[in-house]
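Protein chains in written order, with the numbering used here: chain A, 364 to 649; chain B, 364 to 649.
Note that these hints are calculated values from the structure, not bench results.
All figures in this text were calculated on a predicted structure; none of them were measured in a lab.
Don't take each hint at face value.
Treat identical chains as interchangeable: a pair holds within one or across any two.
[What the hints assert, rightly or not] With a straight-line Cα cutoff of 27 angstroms, these simulated DSS-like cross-link-like pairs (lysine-lysine) come out:
| hint | residue 1 | residue 2 |
| --- | --- | --- |
| 1 | 584 | 559 |
| 2 | 554 | 513 |
| 3 | 554 | 390 |
| 4 | 383 | 418 |
| 5 | 556 | 513 |
| 6 | 559 | 373 |
2 protein chains.
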Amino acid sequence: MTAKILDGKKIAQDYRAKLKKEVAVMKAQTFTPNLTVVLVGNDGASLSYVTSKKKAAEAIGMSSDIIKLEENTSEEEVLKIIRGLNENPQVHGILVQVPLPEQINESHILEEIAPEKDVDGFSPINIGRLYAGVETFIPCTPLGIMELLKHADINLTGKEIAVIGRSHIVGQPVAKLLTDSDATVTLLHSKSKFLKDTLKRSDVIISAVGKPGLVTVEDVKPGAVVIDVGNTVVDGKLRGDVDYEAVKEVAGAITPVPGGVGPMTITMVLNNTLIAAQRLVEKQKN
Amino acid sequence: MTAKILDGKKIAQDYRAKLKKEVAVMKAQTFTPNLTVVLVGNDGASLSYVTSKKKAAEAIGMSSDIIKLEENTSEEEVLKIIRGLNENPQVHGILVQVPLPEQINESHILEEIAPEKDVDGFSPINIGRLYAGVETFIPCTPLGIMELLKHADINLTGKEIAVIGRSHIVGQPVAKLLTDSDATVTLLHSKSKFLKDTLKRSDVIISAVGKPGLVTVEDVKPGAVVIDVGNTVVDGKLRGDVDYEAVKEVAGAITPVPGGVGPMTITMVLNNTLIAAQRLVEKQKN
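Can you build the whole structure from these sequences, using the hints too?
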């Protein structure tokens with residue numbers, strides 16, 4: 364059996380086409396949703412990320428701005444800029460690109476973003492709302508993974524799921540979303556002793572480690588769904604955690620790298636920005 | 364082999380003796396830590412809980428107040444009272460007893476409590492800080508469980524742990540703390556298909572369901588540590604989730620019900636209140 368390929372590029376394209384229609388309706392009726400990205404410093408990879416977010420927002424009809432700050436910008440200055448964006452009614456989604464330079468405390472910055480504009484869902488109050496079951500923004504990579512799973516023809520209720528990687532950006536929140544979907548989740552990490560046994564009995568494997576070759580064909584139960592969040596550059600090429608070529612011969616469904624989870628993450632930033640703008644419209648109505 | 368009994372009553376007593384000494388030092392040097400509990404309505408069980416919290420606080424030298432409000436108090440009124448407590452420098456810990464009457468939205472109330480006085484650790488911003496790895500108050504039952512485990516003579520690194528129950532009050536945060544302690548956690552719940560298999564291979568079982576008889580002697584690996592958070596009244600007696608009499612003959616360590624997790628929860632409320640007061644002293648110094 365060859366796995367169904369979960370083509371993130373295509374799924375993201377279809378999803379963005381749907382968002383584009385909603386943005387057009389919103390622009391006709393009210394205003395243009397705006398995503399503003401704050402970038403501190405001159406990291407090349409970071410600049411390329413924020414540029415692609417801006418382009419993606421504009422491609423679906425949103426407006427998007429990049430606020431580029433010098434490497435040596437003080438924390439207080441960044442906080443002041445965020446306060447300005449919080450108060451600006453023409454800005455609906457705010458992203459601060461990480462990592463930040465050493466002089467800036469990341470959690471201070473994230474706590475300053477107004478919860479209703481925190482489209483990454485990384486501010487503590489929004490993370491807390493997620494766990495408390497209150498309206499929030501779901502972090503983009505976990506949300507993108509959930510969207511991909513909808514295309515994997517699997518009912519999550521009662522399924523055994525192995526999540527590898529315990530970061531609060533991917534592993535932990537996706538474990539939370541999967542638990543909410545009635546799956547039974549085991550959260551694995553570098554100190555786990557029976558990683559291979561756990562993978563072998565799992566109906567779904569989600570690997571978010573950044574270690575090419577971690578998940579081999581021997582680890583995968585025939586028919587299992589494999590989502591690869593790994594994202595490592597090896598010899599100039601992007602590689603996931605999963606031995607894709609071999610695993611796709613036994614899995615029921617699998618994401619490629621690149622073109623799997625990656626395109627979904629940016630799509631969900633756009634999704635959350637639209638939601639932020641729509642919530643503002645609702646609020647203005649009341 | 365008969366299990367080591369994790370005597371929560373005794374462990375809590377020792378812990379409170381330690382807190383009492385720290386409170387005495389604080390009173391001599393600065394001020395008396397205060398825990399204020401807000402109770403809305405006339406639920407008998409709730410009144411008994413808040414009274415025992417007040418008594419426990421006073422027993423270790425803290426001051427404690429109960430603000431008793433009518434059943435029909437409006438949400439706005441409760442919010443106003445919380446704002447007053449937030450601003451009152453003589454109040455260091457604030458608890459709002461749940462459940463609240465229907466007209467009051469619990470999450471609105473919890474979000475209003477100043478994070479630095481939220482000693483239950485239930486406000487979204489504090490839950491979020493827990494997941495983001497930022498200074499916070501750890502919810503009291505999970506914190507009490509971690510303290511009990513210190514007495515179980517087990518090194519958590521790499522251990523397989525089954526947590527039963529996915530509430531955001533116990534199951535989810537204790538899973539998070541255990542993952543942080545390098546254990547491999549499987550979070551089980553009512554929709555889990557292989558609950559018994561998972562229990563049987565686990566080094567630690569934490570059951571927080573409220574279903575007497577859920578964990579039987581057949582489910583427990585010899586030598587495993589069993590923490591029973593169950594708390595169900597059956598024929599006037601408090602019962603846990605675990606078949607205690609049989610399981611204690613095979614487990615390595617086990618908590619009784621009553622006298623296991625229960626006494627630890629209130630102890631951790633006191634612990635967090637002292638921390639809140641200490642953080643205020645530190646803040647005033649700077």
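Now for the hints, and whether the structure bears them out:
1. 584 - 559: Classified as both: same-chain Cα gap 11 angstroms, cross-chain 21 angstroms, threshold 27 angstroms.
2. 554 - 513: The answer is between: 19 angstroms across copies meets 27 angstroms, while 31 angstroms in one copy does not.
3. 554 - 390: For residue 554 and residue 390, the Cα distance exceeds 27 angstroms both inside one copy (50 angstroms) and across copies (43 angstroms).
4. 383 - 418: Intra 13 angstroms, inter 60 angstroms, cutoff 27 angstroms: intra-copy only.
5. 556 - 513: Between copies only: 21 angstroms across chains, 31 angstroms inside a chain, cut-off 27 angstroms.
6. 559 - 373: This pair counts as neither: shortest intra-copy Cα distance 31 angstroms, inter-copy 41 angstroms.
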